[in-house]
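These protein sequence lines are chains A and B, in that order.
This note's numbering applies: residue 1 is where the first sequence begins, and numbers increase by one.
This note's numbering applies: residue 1001 is where the second sequence begins, and numbers increase by one.
FYI, nobody ran anything at the bench for these hints, they're computed from the structure.
Note that CB positions come from ideal geometry on N, CA and C, so glycine has one too.
Treat the hints loosely; a few may be bogus.
Sample of chain A residues facing chain B (criterion: CB under 10 Å; computed from the structure) [stated by the list, open to error]: (1) Ile167; (2) Tyr170; (3) Gly175; (4) Arg182; (5) Ala186; (6) Leu190; (7) Leu191.
The residues making up each chain are set out below.
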Amino acid sequence: MMMSGFPWVTALVVWPLVAAAATVLTGVGRGRPASGAASGGGAFSAGTARTVALVGALVEVALLVGAFLAFDTSAAGTHQLTETYAWIPALGASYAVGVDGVSLLLVALSVGLVPLVILAAWHEQGGDHVRLRRYLATVLVLLSFMVVVFTARDVFLFYVVFEAMLIPAYFLVGGFGQGAQRRYAAVKFLLFSLAGGLVMLAAVVALYLQVPVDPATGLRPEDAFLTDNLTGLALDPTAERLMFCAFFLAFAIKAPMFPVHTWLPDVTQNATPGTSTLLICVLDKVGTFGMLTLCLPIFPAASRWAAPAIIVLAVISILYGAILAIGQTDVLRLIGYTSVSHFGFIILGIFTFTSLGIAGSSFMMLNHGISTGALFLLAGFAIARHPRRSQQIADYGGMRKVAPVLGGTFLVAGLSALALPGLATFVSEIMVFLGAFARWPVPVLVAVPAVVLAAVYVLLTYQRMFTGEVGADVVGAKDLDVREKTVAGVLVAALVVLGLMPGPALDYVREPAGVSVEHVGETDPEPVLGALEGSDQ
Amino acid sequence: MIEFEAPVIDWAVLTPVLVVLAAGVVGVLIEAFVPDRGRRTTQIVLTLAALTGSLVSVVLLWDRVTTEGYAFVVDGTFLLTPFTLGIQAVVAVLAVLGVLVIADRTRTGQDAFAPTAAAVPGTTYEDAAREAGLQQTEIYPLVLFATGGMLLFPATDNLIVLFIALEVLSLPLYVLCATARRRRLLSQEAAFKYFLLGSFASAIMLFGIALVYGFAGTVSLEGALFVLVHPESQVLEMMPSLVIAGVLLITVGLLFKIGAAPFHTWTPDVYQGAPTPITGFMAACVKAAAVGALVRVVFTLAAGLDEPLRRDLEVGLWAVAILTMLIGTVAGAVQTDVKRMLAYSSIAHAGFLAVAFVGFSETGAGAVLFYVLAYGLATLGAFAVATLVREQDADGVVLGEATHLSQWAGLARRSPWLAAAFSLFLLSMAGIPLTAGFIAKFGVFSAAVAAGAWPLAVLGVLASAVAVFFYVRLIVLMVLTPPTEESEHPEHVEDGAEPAAAGTSRADDAAPADDAAPADDAAPATGTLTAARATLARASVVVVASRGPATVAIVLCAVGVVLLGVVPQVALDWAAQAATFRPLQP
Chain A
1 MMMSGFPWVT ALVVWPLVAA AATVLTGVGR GRPASGAASG GGAFSAGTAR TVALVGALVE
61 VALLVGAFLA FDTSAAGTHQ LTETYAWIPA LGASYAVGVD GVSLLLVALS VGLVPLVILA
121 AWHEQGGDHV RLRRYLATVL VLLSFMVVVF TARDVFLFYV VFEAMLIPAY FLVGGFGQGA
181 QRRYAAVKFL LFSLAGGLVM LAAVVALYLQ VPVDPATGLR PEDAFLTDNL TGLALDPTAE
241 RLMFCAFFLA FAIKAPMFPV HTWLPDVTQN ATPGTSTLLI CVLDKVGTFG MLTLCLPIFP
301 AASRWAAPAI IVLAVISILY GAILAIGQTD VLRLIGYTSV SHFGFIILGI FTFTSLGIAG
361 SSFMMLNHGI STGALFLLAG FAIARHPRRS QQIADYGGMR KVAPVLGGTF LVAGLSALAL
421 PGLATFVSEI MVFLGAFARW PVPVLVAVPA VVLAAVYVLL TYQRMFTGEV GADVVGAKDL
481 DVREKTVAGV LVAALVVLGL MPGPALDYVR EPAGVSVEHV GETDPEPVLG ALEGSDQ
Chain B
1001 MIEFEAPVID WAVLTPVLVV LAAGVVGVLI EAFVPDRGRR TTQIVLTLAA LTGSLVSVVL
1061 LWDRVTTEGY AFVVDGTFLL TPFTLGIQAV VAVLAVLGVL VIADRTRTGQ DAFAPTAAAV
1121 PGTTYEDAAR EAGLQQTEIY PLVLFATGGM LLFPATDNLI VLFIALEVLS LPLYVLCATA
1181 RRRRLLSQEA AFKYFLLGSF ASAIMLFGIA LVYGFAGTVS LEGALFVLVH PESQVLEMMP
1241 SLVIAGVLLI TVGLLFKIGA APFHTWTPDV YQGAPTPITG FMAACVKAAA VGALVRVVFT
1301 LAAGLDEPLR RDLEVGLWAV AILTMLIGTV AGAVQTDVKR MLAYSSIAHA GFLAVAFVGF
1361 SETGAGAVLF YVLAYGLATL GAFAVATLVR EQDADGVVLG EATHLSQWAG LARRSPWLAA
1421 AFSLFLLSMA GIPLTAGFIA KFGVFSAAVA AGAWPLAVLG VLASAVAVFF YVRLIVLMVL
1481 TPPTEESEHP EHVEDGAEPA AAGTSRADDA APADDAAPAD DAAPATGTLT AARATLARAS
1541 VVVVASRGPA TVAIVLCAVG VVLLGVVPQV ALDWAAQAAT FRPLQP
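Input sequences plus hints: build the corresponding full structure.
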């Protein structure tokens, strides 16, 4: 299992912590002269902190490139760059990390979004340098956790980070948010997540006890929690279903899925757009990622048993999220609800148990991260241009005229969210639909109107904020500066490239999808494979 | 002619207990003979040395007991098993940390204890004692005696000695509870409640012991077990109700000390009224010792019960566990006082511990051992932090602890490190991963599921979710809520520039300044908390700097909580080794 060579994953895990420490340390020793001399010293300090954080995040991107180069795409379905060390043998837990195609893409999403979030946060936190420094450090710590959770090959490790991650996320929302109700939102987020997480803990304990005892020693193996060791256990059907439900509840809350999605709009409304980007676009993927990489292989029979109910809930999520999004007046809340709808698609795709649907879902996790992240950050740029930092859609209007680049990029991001052909999300959405149709034609037919609803919420928002008469508050607004253009440019470029040339990215998800279908004990319906080839063109 | 045969006593095995008790006796002599000036220092040094010595002897005995399995000393009045040593080690470690907090007088120059506890609150005698700068250094011998009792409690095979150990650990605690410097009436009320209910519980336990003697004809635990399992005794067939009543009554006595519902009612009042350093010491060490004794006694007796009786006992423990978790978490969620909240949290933890009792297995014993260590560190640390958050009147005189939750708002801004440490302890109690509490909870829930009690584990997990609510509420308050009275009193106080009165007291350690205690004491004297709140409303909140010991204790607790959470392997191995609570069968 051990692969010699550079420990890319551990480097990706440790480096953000180093960068976070460096970011915090820029404040040490500067505090006193700054308070004594003038605000000039403080500003210098803050500038250093964000530069350090940005450089740290860019070095992380470089490490990611290294990991990509070391990754063998032709074997994307197996875990590579693996590292396994004993951690708590008494509990059967190991520090075991490694990436397959899907987890590598999600790591890439996390690592890629963080420098953009840091850039977007350049002037955030109301000019409070100490706060900004802490905010950026917390973001980097969160990045480290996100890399672990996407690369963990050990259920205990996954669970530990899954829960521990809540603490920095909680402070990002509650401590650094901009909304008036940020504390309420943060507590709601934490309680929802912990409730799910603790129920999952009971299942993790139960799962551990299902691992057969070594007859020689009377103990369970020291690496009992490795996902590979937990896959293919002969589980009692009732126990399996209960454990599946516990795992699924935690992931559904995280994802978030109807009916446990209610924390999400409050969070997006009250957190900074950067925080929302990380939370919704990356962190919540842990939910769907967990369904895909833990629920399916460990509880295959229970997954098949629960699939019909989950499909129904997913379809409700798709439609309900879209309908509620249309009714929102707060732009960040609106984007939050669109995500409920999109997560419905991802979950629908996973529980089709077809390699096309699962590949589509995996790809959609990446695309949704980019397009929704773009929407959040661009909406954040628009809000920064409003004198009262209003998030109400009605307070804007005609911004295309004063800020054409902002309007243009927002439109592209929005069109990707509504799955316009040529943009990234389209490819994945069509894959999910095709994959699902082969097995669940009726739910798919019910869900298809969501595409129209998506067009309504995206285009209505665009129309109200960017076209028509220039709103009184935003008459003097400037267009994006170089920093903001960089953020917007990278995201839009990613959407276009992935939309026009999805092939290379699909190479990473196709094989893992096949492995997942195999794990769950299903076979692909015949005609669908042909469609998979077709959609690549 | 009866020939007297002197018993052969293996003194080495008794060292951990003897060192502490002997030091307690020496401490009493010090009170009598050492001049006032050096008495306190002498007592502290002696106490810490004795506890460290006890810890060292535990470590030295460790190899012996793990190879030989057990040591049976003085006809079984002292039975050393790996589990006993484990509990003794936990108690000794926590006691050392607890004494550090007790010894800290903070920058105000006053410890948490009344100048003379015998003075009636509000009298001129009390004022005179305060002005004379008296100090109550008997605290330290009392702590040593209590600790000695705790070390003996899980280490005996003789039920009478078990009872004596219970009294030796309890009586000094009753006294210690009554010695608070401030809010003395609350403190005395707490002590009285604790004493009354504690005596009641002791009596119940003694009755249980009598019943066990009734069917076994011996007060030896192993002897009773032998009688129970011996095929010819037929005790189980002939007098099952006597057996189960005896076992249950002893269990009740021990559950009282652990603070498990429905025998928990003393906990909030006592924890609130006792001097905070004593509360921390009591919450951490007594629980460890009592849990140790419970595992030794009840697990051992349970091994001798037949299936129906065992089920009866298990049903009882199930009920206790469920009720305790429920009461601890639900009542904890509505508290407005930090110490009371921590008291209910301690009740909740008693419930989580009780989850691991079911099954009476060695896995459970190991899980319990790790749990009391993790819980003890977090609790001691939390109470240590609570000793430093004080009220301050309009003249800048530092008063008692600011225990109302609203006073903790914005603590992170005044004192980020203190708030961070407190948050860490709360997160550990909440069982968030990467802290000791998570590994501990994982252990007890695994033990429960392994024993087939998975509904109990699920309930425990749900109770944890509720508990998280009130821990997080406090973190939110400290970190995210802006402080209410910050503007009035700038943060310089903790940097050493105390207002005049506190400064004076620092200059002269032996003569603590008048701390405006009448105003402070008058409120509880009226008997209502409303009046106390009125006092709070007038006072502002300040974080006093520790003189060092409490800081050391907090740092050690924090380091322990993190280490046990991130790299618990060493401790888990140790706990697994120490899980043997009965002498090995030949």
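Each hint, compared with the structure:
About 7 Å separates the beta-carbon of A/Ile167 from the nearest beta-carbon of chain B, less than 10 Å, and the hint is met. Proximity of A/Tyr170 to chain B holds as hinted, the smallest CB-CB distance being about 8 Å (cut-off 10 Å). Given hint, A/Gly175 at the interface with chain B, holds; its Cβ is 6 Å from that chain's nearest Cβ, closer than 10 Å. The criterion of a C-beta within 10 Å of any C-beta in chain B is met by A/Arg182, whose closest approach is roughly 8 Å, and the hint holds.
This hint holds: A/Ala186 has a C-beta 7 Å from the nearest C-beta of chain B, less than the 10 Å allowed. Given the 10 Å rule on beta carbons, the hint for A/Leu190 holds: about 6 Å separates it from the nearest Cβ of chain B. Annotation: interface hint on A/Leu191 holds; nearest CB of chain B at approximately 6 Å, less than 10 Å.
Violated hints: none; the structure is consistent with every hint.
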